[in-house]
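*Asks:* Please take these sequences and the hints and turn them into a complete structure.
The chain contents come next:
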Amino acid sequence: MGFDFADEQPKLLMLMYGLVAFVVVVGGLLLLLDVVPAWFARRREAQLVAASVSGTPLARRPKQREGLFALFFLLPTLLLLVIGLVVPAIRTTLLSLMDGSSSNWVGLRNYGWMFSDSSIVRVLINTLVWVLLVPLVATGFGLTYAILVDKARFEAVAKSLIFLPMAISFVGASIIWKFVYAYRGEGDQIGLLNQMVVSLGGEPKQWLLESPLNTLLLIVIMVWIQAGFAMVVLSAAIKAIPGDIVEAARLDGVSPWQMFWQITMPSIRPALIVVVVTLTIATLKVFDIVRTSTNGNYDTSVIASEMYNQAFRYGQNGQGSALAVFLFILVIPVVIYQIRNLRQQREG
Amino acid sequence: MTTATPTVAAGAQKTAGTPPTTAARVRKRLNSRTATLVSIVIAVVWTIPTFGLFISSIRPEDDIKTTGWWTAFTNPQFTLENYQQVLFGRSSSSGQLASYFINSLAITIPSVLFPLAFAALAAYALAWINFRGRDWLYIAIFALQIVPLQMALVPLLKFFSTGVTLGGITLMPAWDLVDEQKFAQVWFAHTCFALPFAVFLLHNFVSQLPGDLMEAARVDGATHPKIFRTIVLPLITPALAAFGIFQFLWVWNDLLVALIFAGGGNETAPLTVRLAEMAGTRGNEWQRLTAGAFVSIVVPLVVFLSLQRFFVRGLLAGSVKG
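Top line first, the protein sequences correspond to chains A and B. With the working numbering, you'll find the first sequence wraps up at 365, consecutive numbering, no jumps. With the working numbering, you'll find the second sequence wraps up at 308, consecutive numbering, no jumps.
Hints in this document: simulated from the structure, not taken from any laboratory. Keep in mind that a hint or two might mislead.
Stated by the list, open to error - Straight-line C-alpha distance at most 30 Å; calculated DSBU-like pairs for lysine-lysine:
| hint | chain 1 | residue 1 | chain 2 | residue 2 |
| --- | --- | --- | --- | --- |
| 1 | A | Lys302 | A | Lys168 |
| 2 | B | Lys144 | A | Lys302 |
| 3 | A | Lys222 | B | Lys51 |
*Replies:* Below, the structure is given as structure tokens:
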């Protein structure tokens, strides 16, 4: 089977259909919104004329029309959100109370399974390790780097280099790092990590097979991707600190260390919280890295990858849904914390 | 990653303009020498994995499998054979990535356009049209951001495969899509999942437009659709670009949604699905994995580097403004 462009034509045709659908839906909606009010305006004019002829007062109802407009503007979004998120989320919650084939109610048995099955407990522990380490390390790292390169001559380039992994897919990043961790039984090592171990006089290892080290090595991939995000947001926050405050502190002879803890840290606290929260949520849902690197084997599975395996590989809809619901429950307190913080910020 | 163009990074604006005192300048220079060294080391460490992958992808197969990529500097031998193989190769094990590349494109373009348009409309309505329950609706959409998409996967897949029946009445037949038609499922799923964040991000921008402008337009007799098209759309172009890039990267790099809604065949599966599969089943075929990974990285990298400014702006607006 060679590559033949003719084979690809159905796909491009489908893409065309998609684009035509886009133009028809969006254009149609805008056109409708243009035509309908014009029609209303004409009718109202006619009514006005009629009213002025007959002398009867005219009822005014402009508010209703505003509502009508809003409905049309919001229609596609609301429809899609209800079909694609709200209803499915409710159904998943219900499915989590049913058995694997979604035919019988089993109460909370799936949740009991989650906390008693030793392999799933392992999954939960792994997720906990991920959630504790990734936000902490990535944020700490991003912050350090943002301070280091602040106002340096090569700042833009230096930031781009760290930020670049953000553009790389988790799958691509996993392959990049799998190559770093690569192991060869005989001959030269081709993986950078093993080569470094060997040149330091150590024994090469199959890194991704060794639990619990492998989870940490996968976490490295996530940190590598996300540190750039932390760095950019925190760097912007650092630059937003008013210059006169920094200058005043400097004239008072404050040491860089004091400057960091007493000026910088309090000023960027809101941004810091946002970064940690965002990274926590992203880490909770991490799936691609685990799936690409180890497929969840060797004790590396996390909630999101286990959910996929249960629901889509083993056909255990109940257990998969229970994991998804648990994931949702874990996200809620984090978000509540963030919202409360934002509110304080606005008031203060 | 050798092509790192000096792009304008976040907030690198005019804050450096305050003149420090001489003493401060001297002290700063002393401090900054170690800082410079450390930051250069970090930047190098950060770039090495990607750099190694790139070097490997242009080395001959035998070299990749027997020697480390760092030996390429003493024994430079480069070839484009790997790319040729992985993109257009004839055997089914070679990757056939050209086909998947087109799938990625076909999935990504509509998945960016639909949420962009729908969210812009919704954001305008939520910001500038007065109707009852507006604030509650906005809060509801905002709150939907926290629902992990894992919560929607199983029922949404069922929705596509069996349709909707309520009390024995078929409200919506099964989609029954085959081959490339499955793109529609992926577009649909991506659009749904993107909307809460899209509405939130665009609302941030739209609601900050000057109210006087809208008022003046309304006094002149402009209707909401007219204001939306002629005033709002041109003004929020940067925000649209920011979300567009964000969504592009997200969809192009997504694995989970594609895995579930596109299936695994070369009719519909995007690059990420194929690469993940190759990494699993052909984990030692580094000549293909390295080149393949690079093929998948190139497009988002170009988009990212050329439009980084918009992306950063969107990122900051989305995360910091809350």
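*Asks:* Evaluate each hint against the coordinates.
*Replies:* Hint check:
no., hint, result
1, Lys302(A) / Lys168(A), "violated, 35 Å"
2, Lys144(B) / Lys302(A), "holds, 22 Å"
3, Lys222(A) / Lys51(B), "holds, 17 Å"
Hint check: a violation occurs at hint 1 only; the rest are consistent with the structure.
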